[in-house]
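We have chain A already, so just place chain B on it with the hints.
There are 2 protein chains.
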Amino acid sequence: MADNNRKMVGSITSMDEDFAKWYTDIVKKAELIEYTSVKGCMVIRPYGYAIWENIQRILDGMFKETGHENVCMPMFIPESLLQKEKDHVKGFAPEVAWVTHGGSEKLEDRLCVRPTSEVLFCEHYANIIQSHRDLPKLYNQWVSVVRWEKTTRPFLRSREFLWQEGHTVHATAQEAIEETERMLDIYAEFCEKYLAMPVIKGRKTDSDKFAGAEATYAIEALMHDGKALQAGTSHYFGDGFAKAFGIQYTSKENKLVYPHQTSWGVTTRLIGAVIMTHGDDNGLVLPPDIAPVQAVIIPVMQHKEGVLEKCAGLKNMLAEDFRVKLDDSDNSPGWKFAEYEMKGVPVRIEMGPKDIEAGQCVVVTRHNREKTTVKLADIKAAVAGKLEEVRSGIYEKALKNRENRTYSCMNTDEIIKTLEENGDGFVKAMWCGDEACEDIVKEKTGAGSRCMPSEQEKISDVCVCCGKPAKALVYWGKAY
Amino acid sequence: MADNNRKMVGSITSMDEDFAKWYTDIVKKAELIEYTSVKGCMVIRPYGYAIWENIQRILDGMFKETGHENVCMPMFIPESLLQKEKDHVKGFAPEVAWVTHGGSEKLEDRLCVRPTSEVLFCEHYANIIQSHRDLPKLYNQWVSVVRWEKTTRPFLRSREFLWQEGHTVHATAQEAIEETERMLDIYAEFCEKYLAMPVIKGRKTDSDKFAGAEATYAIEALMHDGKALQAGTSHYFGDGFAKAFGIQYTSKENKLVYPHQTSWGVTTRLIGAVIMTHGDDNGLVLPPDIAPVQAVIIPVMQHKEGVLEKCAGLKNMLAEDFRVKLDDSDNSPGWKFAEYEMKGVPVRIEMGPKDIEAGQCVVVTRHNREKTTVKLADIKAAVAGKLEEVRSGIYEKALKNRENRTYSCMNTDEIIKTLEENGDGFVKAMWCGDEACEDIVKEKTGAGSRCMPSEQEKISDVCVCCGKPAKALVYWGKAY
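Each protein sequence line maps, in turn, to chains A and B.
Going by the numbering used here, the first residue of the first sequence is number 14, and it counts up by one from there.
Going by the numbering used here, the first residue of the second sequence is number 14, and it counts up by one from there.
Calculated from the structure, these hints are not laboratory results.
Glycine included, each C-beta is placed from N, C-alpha and C at the ideal position.
Accuracy of the hints is not assured; some may be wrong.
[Stated by the list, open to error] With a Cα cut of at most 35 Å, we get these calculated DSBU-like pairs of lysine-lysine: (1) B:K268 - A:K42; (2) B:K77 - A:K317; (3) B:K457 - A:K163; (4) B:K163 - B:K42; (5) A:K77 - B:K338; (6) A:K163 - B:K323; (7) A:K119 - B:K97.
[What the hints assert, rightly or not] Okay, the calculated bits of chain B under chain A, using three or more residues with CB under 8 Å as the criterion: (8) 49 to 63; (9) 472 to 479.
If we strip away everything but chain A, and leave its shape as in the complex, we get (with noise of 0.2 Å):
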C-alpha cells in the first residue's frame, strides 16, 4: 500500500528541480494528454477535455449573457482569401498548414487550414450586413485551429489547438473599442473567479499586435516559476478589415459607411496555465469550479459490512449540488489519495467504519491537505465551504506568489540584476514609447512578455532604456 503510494507520487519530477519536467509530468500522470504520432499534435484525455468542457461551459454562458451568438465556419481558407488584407496574410502565412489535394485531384487555389478566421468571418459579413439594422453582430465560435509551430508543448504551444474566436462588427469605433475592453473583462473576471488566477489586465506594444489589429489588449498570469503567460487577447480593428473586404453598411442618415471590428480569443492554454499557476509536487490542484471532480469519497476498510453501502448513500446525496465520484475499486486508500492529489480533485472525503459510527467523516482539502471532521448531518455544507476555501487559498498563494516576483527597476541593468538574483517575474519599468528601446531590452534582459497595464503608474519620469521622458509604465517578463 505504502509501496503504491510512493511510486506512484515519486515518479513526479519536484517543481523546483525541473518546473518544465514537472509540468510534462503532471500532463501525463493526471491522464490529461496523450502524445500522437502526428507531431506537435495531442490527445485531450477524458480528465482533460473534461476541465476544457467547465471552461467552455462558464465562459460560453458568459458570452451569451452578454448578447453573442455561437457560429460555424469553415476550417479551410482558399490562398487567395488569405491574402486580402496584408499586415494578416504576413502575420500568418508562414506558419500554416496548406492542402494542396483534395481525393487525387490538385487543387488550383490552395486552402490553408484556419490559424484564425478574421478572412471567414469578413467575406461572410460583406455578404449579410447591408444596414444599420444589422449591426452589431456578436458572433463566437468554439472550434480547433492549426499553426505550424516548430517547438511544442502540451497545451501552451501545439500545431492544433482548441479555442473561442469572437469576431464582431459595430457601427462605430467607440462601440468597437467597448466590446474589445468588455471581453477583455469578461477574460479577467473567468480568470480571477473560475480559475482563481490572478492577472493583469493591459495592452500589447504596437510590435507585438495581432497581425491586422489597430490595438491588441491582453490578460497576463504570472505562473509559479515567475514567467508569464499571456491568458487571453482582445483585438480591435478599426475599419481595416472592412476596407479590405468590402464591408459597408447604410448609415441611419442613409449614407454608405464602414464598420468597426473586433475579434477576442482564449484557448486550452489556460489548461496550461491552471497547472503551473496552482500545481505543487503532488500533482495538479484544480479550481473548483472547472474540476471536473468537486469531491472524492474514499471508503477506508471499505471490506467491512455497510462502509461501501454508506458512502454510495453519501455520494448520491453530494451528487445533488456537486461533481462527485466514488472510488471503490481494490487499490489501496493509499493509492487512492495519492491518485486524486495528482488529479487535483478539490475536495476529499474519507469514511471508515469508525466515522460511520460516530455519524461522520474527514473532509481534506488539496491544497493545503488541511483534515476536518464533519458531521455526516453538515456535509453539505461543509463540501461547499471547503471549495470555496480551495478557490480563495490558491487565488491568495498565486496572488502572494505574483506580488513576491513583482520588481520595480529604473535602468536596463537593474532589470539584468535583479532577475538574476531573484529569478523570473515581473518587472515594472518606464518606457519612452520607442520600438528601438522596446528591442533593446527585450535583448539585453531576456524579458520577451512586455505589457502596459491598464492601472498605470508613474514610477519615475524617465525611459528604462534611453532616458528621455516616458510615455507608459510596462510589465516586463520571460515569456510562455
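For chain B alone, kept in the frame of chain A given last:
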C-alpha cells in the same frame, strides 16, 4: 403589411413544384446557412448553429448517461497511419484532403484531414490499454470531418461537416455487439422523441458496410418527398482494427488477447432530415426540443400604451420554462408572422390591447396554424401543452407519410411500376442475400438505399430478383 408578408413567403419555391429548390430556399431564408468561397463548405449561421447546439446537448447527455466520455483527437492523420487497416484506407483515401506543406516546409509523410478517426483512436488505444481493468473504453468526440465530395448540398452532403464519433473498446465480441445495438437504440430514441422523426432500425448489406466494419447498423428515415435518408450509423468492428493496430490486453486468465471495437456517429445531416421531414410551403417546422426559439411573442398594435410592457412581462414569465423571444421590432405583425413561420418556431403568441383587456392572448401552433385563445393565468401550462401538440402532431404526420409511401413488391418489375405510379417511397422486398441480385435491383430500379430492418417480416418465400429462397426482408428506396 400584406405585401411584405406575401413577398417573404412568395420567395420560397413550393415543395410540390421543386422539392430540391424548396430545400435550398429554406436553408437560406430561414438563415440556417450561407455559402462561402470555399467550395462545398458553408457557414452555419446562428439560427442553424443553435439547432445543432440543442441536438448536441441532448445527445451528449444521453451518451454520458450511458457511461461515455468525451475526448479530442488531432484533426490530422499521417498517411502511413491511415494505411494500417487495408479496407479502411481503400474506403477513405480517395476522398480525403491532403496537407502536404507546413509553413514553407514540405512534409515527408503527408497528413490527411480526418474523414473519420478510427485510426487515431486505435493508435491511442494501443497506448493506453494493457489490462482487462482498462476495459471497456467508451469514448466520443464532437468535431468536424472532411470528405472531398464532388456534389454537395447544405447539411446533406458537404465537404466539411460537424458530427460526433463514438469509438469504444470491449473485452468481448458480445459486449461490443451490445454496444453497437445500444447506440443504434439511442439514436432511434433521439430521432423519434426529440426530432419527432420516425426511423427504421436495421442493418446494411455487406456491400454497403463501413470500410473496415464487420457489420453496419443504421437508422433510416423517409423524407417528405419519399426519398430515404440514413440518419445515423453504428458499426461493429470485431477485432480487425485491434489486430491491425496491435491493441491487446491481458485477460483475467492472464492471456494476451485482442479486444473488440465499435464506432457510431450522427452528423449535421440530422438538420437536413428535420427540414425535409417536417417543413412545408411556409418554411421550416421545428421540433420543440431542438427549436432555438420555442415560442415567439408578437405584440399587436404595439404602439398602444401598455402593450409592449405587458408582452415583456409575459416574456419574462415564459422564459422561466421555455426558450422564448419577444419581437418588438418595427416590422408589421404580418411580416413577423411570416418570418417566424419561415423559421419554424413551434408556437406563436399574439397579444394586443383587446387581449390584454380580456386577460388573454392568442396561441398559434406552427404545423397546423390552429389558433387558441388562452387566459394569461393559464399560459405556462398552455404553452407546454401546445409544444407537445406540435411534437406529436408532426411525428404523426411524418409517420403517416411513411406508411402511405411504403409498398410491398414481389418482383423487380413491380418495384419499378410501383415507384413510377406512386412516386418515391420505401419498397419492402425479399432478398436471397446474394450481392449479384442486390446489384441488379439497384441498377434496374434506381433504389440505392437498402436496409434490412431489425423487425423482420416474411412477405414472400423467394428473392424479388432471382426467385431463389429468400433470407431477409429489405427496405429499398432512393437515397439522400
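These are the hints, each one checked on the structure:
1. B:K268 - A:K42: holds, 27 Å
2. B:K77 - A:K317: Given that 35 Å is the threshold and the Cα spacing comes to 32 Å, the pair holds.
3. B:K457 - A:K163: At roughly 56 Å apart (the allowed maximum being 35 Å), K163 (chain A) and K457 (chain B) break the hint.
4. B:K163 - B:K42: Satisfied, since the Cα-Cα distance of roughly 25 Å is no more than 35 Å.
5. A:K77 - B:K338: holds, 15 Å
6. A:K163 - B:K323: Violated, because 61 Å separates the two Cα atoms, which is more than 35 Å.
7. A:K119 - B:K97: Within the cut-off at roughly 25 Å; holds.
8. 49 to 63: Since three or more residues must qualify, the claim that chain A covers the region 49 to 63 of chain B holds, with 11 doing so at under 8 Å.
9. 472 to 479: violated (count 0)
The structure fails to meet hints 3, 6, 9 from the earlier list, while all remaining hints are met.
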